[in-house]
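Asks: So the chains spell out like this:
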Amino acid sequence: MAAERPAGAAPSRLMFGLLLAPALLWLIGLIVLPHVELAVLSLRQRVAPGEYAFGLRQYLTFVDEPLYWNTFVRTAVISILATACTLLLAFPIAWTIAKIARGRTRSVMFMLCLIPFWVSETVRTLGWMILLRESGVLPAALVSLGLASAPPELLYRDATVLVGLVYGCLLFMVVPLVGALDTLDDAWVEAAYNLGGNGVSILRRIVIPHAAPGIAAGCIVVFMLTLGNYLTPTLLGGKNSLWFTEQIYTQFITRFNWEQGAAFGFLLLALSTLIVWGGLRLAGQRFGDVMRRT
Amino acid sequence: MPRGSFFSILGPSGCGKTTLLRMIAGFVAPDAGELEIGGRAMLDVAPNRRPAIMVFQHLALFPMMDVGANVAYGLQQRGVAKAEAARRAEAMLERVGLPGVARKRIEQLSGGQKQRVAIARALVLEPTLLLLDEPLGALDLKLREHMKVELKQLQAAFGTTFVYITHDQSEALVLSDRVAVMNHGRFEQVDTPQALYYTPRTPFVAGFVGANNRFGGRVRSVSGARVAVAGEGGLVLHAQGAASVSVGDAVEVYVRPEAIALARQIDELPANQPSYDGQVVSVLFDGAASAVLLRERQSGAEIRVALQQTGRFADLRVDETVHFGFDPACAACFAASAGPTDLGHGG
Numbered sequence: 012m013a014a015e016r017p018a019g020a021a022p023s024r025l026m027f028g029l030l031l032a033p034a035l036l037w038l039i040g041l042i043v044l045p046h047v048e049l050a051v052l053s054l055r056q057r058v059a060p061g062e063y064a065f066g067l068r069q070y071l072t073f074v075d076e077p078l079y080w081n082t083f084v085r086t087a088v089i090s091i092l093a094t095a096c097t098l099l100l101a102f103p104i105a106w107t108i109a110k111i112a113r114g115r116t117r118s119v120m121f122m123l124c125l126i127p128f129w130v131s132e133t134v135r136t137l138g139w140m141i142l143l144r145e146s147g148v149l150p151a152a153l154v155s156l157g158l159a160s161a162p163p164e165l166l167y168r169d170a171t172v173l174v175g176l177v178y179g180c181l182l183f184m185v186v187p188l189v190g191a192l193d194t195l196d197d198a199w200v201e202a203a204y205n206l207g208g209n210g211v212s213i214l215r216r217i218v219i220p221h222a223a224p225g226i227a228a229g230c231i232v233v234f235m236l237t238l239g240n241y242l243t244p245t246l247l248g249g250k251n252s253l254w255f256t257e258q259i260y261t262q263f264i265t266r267f268n269w270e271q272g273a274a275f276g277f278l279l280l281a282l283s284t285l286i287v288w289g290g291l292r293l294a295g296q297r298f299g300d301v302m303r304r305t
Numbered sequence: 006m007p008r009g010s011f012f013s014i015l016g017p018s019g020c021g022k023t024t025l026l027r028m029i030a031g032f033v034a035p036d037a038g039e040l041e042i043g044g045r046a047m048l049d050v051a052p053n054r055r056p057a058i059m060v061f062q063h064l065a066l067f068p069m070m071d072v073g074a075n076v077a078y079g080l081q082q083r084g085v086a087k088a089e090a091a092r093r094a095e096a097m098l099e100r101v102g103l104p105g106v107a108r109k110r111i112e113q114l115s116g117g118q119k120q121r122v123a124i125a126r127a128l129v130l131e132p133t134l135l136l137l138d139e140p141l142g143a144l145d146l147k148l149r150e151h152m153k154v155e156l157k158q159l160q161a162a163f164g165t166t167f168v169y170i171t172h173d174q175s176e177a178l179v180l181s182d183r184v185a186v187m188n189h190g191r192f193e194q195v196d197t198p199q200a201l202y203y204t205p206r207t208p209f210v211a212g213f214v215g216a217n218n219r220f221g222g223r224v225r226s227v228s229g230a231r232v233a234v235a236g237e238g239g240l241v242l243h244a245q246g247a248a249s250v251s252v253g254d255a256v257e258v259y260v261r262p263e264a265i266a267l268a269r270q271i272d273e274l275p276a277n278q279p280s281y282d283g284q285v286v287s288v289l290f291d292g293a294a295s296a297v298l299l300r301e302r303q304s305g306a307e308i309r310v311a312l313q314q315t316g317r318f319a320d321l322r323v324d325e326t327v328h329f330g331f332d333p334a335c336a337a338c339f340a341a342s343a344g345p346t347d348l349g350h351g352g
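As they're listed, the protein sequences go chains A and B.
Quick note: to get the working numbering, add 11 to the position in the first sequence (first position is 1).
Quick note: to get the working numbering, add 5 to the position in the second sequence (first position is 1).
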């Protein structure tokens, strides 16, 4: 047995390496290398045409310019808000799918959550625009119901951006939540109720602690998707939506200031890392546990 | 059921035991009827306000809390301050024989310890009723025997009324002050374990509690409480009759294997009792629960007879012919039920 081990281990290690290779290539080639390049880019400043030197000018610009600052904080706050709204909305849905629906109803409900994703994000967002613009369906309905004297403009508001973001991310919250709630034993809920617990205490002491890794996983995914979203804030929020990804886009494409764009990119990466870390600390969850649940 | 007693509900799976328990706990609403605990009507009381605490079949301990928090949970829900609840939880754990486990996680406990934590979690609330839904079902045989004794001692120590559900008759008989035998959603008989065993009032109880030999036949004569029954193949049995049987009725006679006396010589049997001859079909050796399967010579009916472990029949062989008889007072006769239930042995 002991003699066979090394002979048997070598091919399996080779196999493991081969299976891992595409993922590693992808990770190094498309994530690590561009980021190294971006890091170098963000840390050089132009001293003369065609001449560059190491410097923090891009980062200082960010600190000095209130517009960038405000956009940065705004993006973070709205993303956190969108994540919270998604969680509140997804929890009852996930509870219904995991605990109440059985058999066919269950799969139909899952389908209903999935169906919007058959349509491209652009088309879905344009659908919202058709519903919400001044001459759209919803303002017209409000006027005919007598709730408004003139059709209101519902687009280009923060609330509209929030609705669009929540809508787009719902599924990514529902799936890990269903997974977490599926393993919740109904007997725990009954036992807690029998011992004198009420709905609030059962939710707080039994359901949420059990579902915590699923909740954290869903929140991380939704938060990352929201923070990095470009299309929804631009289309539903308009030119004034002030989303940080728009600033990055502008720097790279419109202003052709790659150095500034790269610095912004890194700031966004730092922001998301910081908020995810802070959120996990706050919830008392470990990243490894959470990732195992997704 | 009297306060402070150990009451069991015994019945085959699917007879409605668990539904009944869940009704008492309030998880299921009855279609009709009343439910009172301690003289108070309970049907309008929400399950989290009833004085009936349940120990679940798979215990349903909360894995997200440590042992102490599990036991303290109910107290905290009743408004007991956190420190006081923790102190009372630890005192209760000590009373059930688990001192110093309050900080442990549920999965660190053994099966028997979990059992005791589940009981402590319920008893700490000082309920009027403790409902137990086959809590020993998931344990292995050795531990189950041990926990049986422990449960009985706990009940005696706390004086709480226990309502215990099981399909295991040995659990019900050993533990209970009174047992209700349940079949198809109805109580067949509510009695002490002794009364259930010695004087079953329905054929179902006779067949379900303890092992039993069942014989079908027709009543040939009735004299007082004694009936003579003619079975298949001309077998004539004498038994204690139910009041309602009369000559010619189709009846069932139940005779316990342990009520039958066995002898190699006919004169070893009491002379005033009818006796029979039989051939040994097989010897079922199981220590104290050993039995022998006989074929009655005249009718060919198979009869199970318990073997007393005095060593007198240690050398009993298959095909050997023996004599056997029983006191008719120990045999019960009932009007035959419509669909014969094959729960007893023999027949």
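In case anyone wonders, no lab produced these hints; they're calculated from the structure.
Predicted model, so just to flag it, every value in this text is computed and none were measured.
Glycine residues also receive a C-beta, built at the ideal position from the N, C-alpha and C atoms.
Just to be clear, a hint being listed does not mean it is correct.
Said to hold, decoys possible - Rough simulated footprint, nothing fancy, chain B against chain A, three-plus residues with beta-carbon under 8 Å:
(1) 211-220
(2) 246-253
As the list claims (entries may be wrong) - Short derived list, chain B residues pointing at chain A, Cβ under 10 Å:
(3) C20
(4) M70
(5) K157
Claimed, not checked - Derived CB-CB ranges, DEER-like:
(6) B/H189 to A/R113: 24 to 34 Å
(7) A/G114 to B/F192: 30 to 40 Å
(8) B/R300 to A/R113: 32 to 42 Å
Asks: For each hint, tell me whether it holds in the structure or not.
Replies: Going down the list of hints, with the structure as the test:
no., hint, result
1, 211-220, "holds (count 4)"
2, 246-253, "violated (count 0)"
3, C20, "21 Å, violated"
4, M70, "7 Å, holds"
5, K157, "23 Å, violated"
6, B/H189 to A/R113: 24 to 34 Å, "27 Å, holds"
7, A/G114 to B/F192: 30 to 40 Å, "35 Å, holds"
8, B/R300 to A/R113: 32 to 42 Å, "53 Å, violated"
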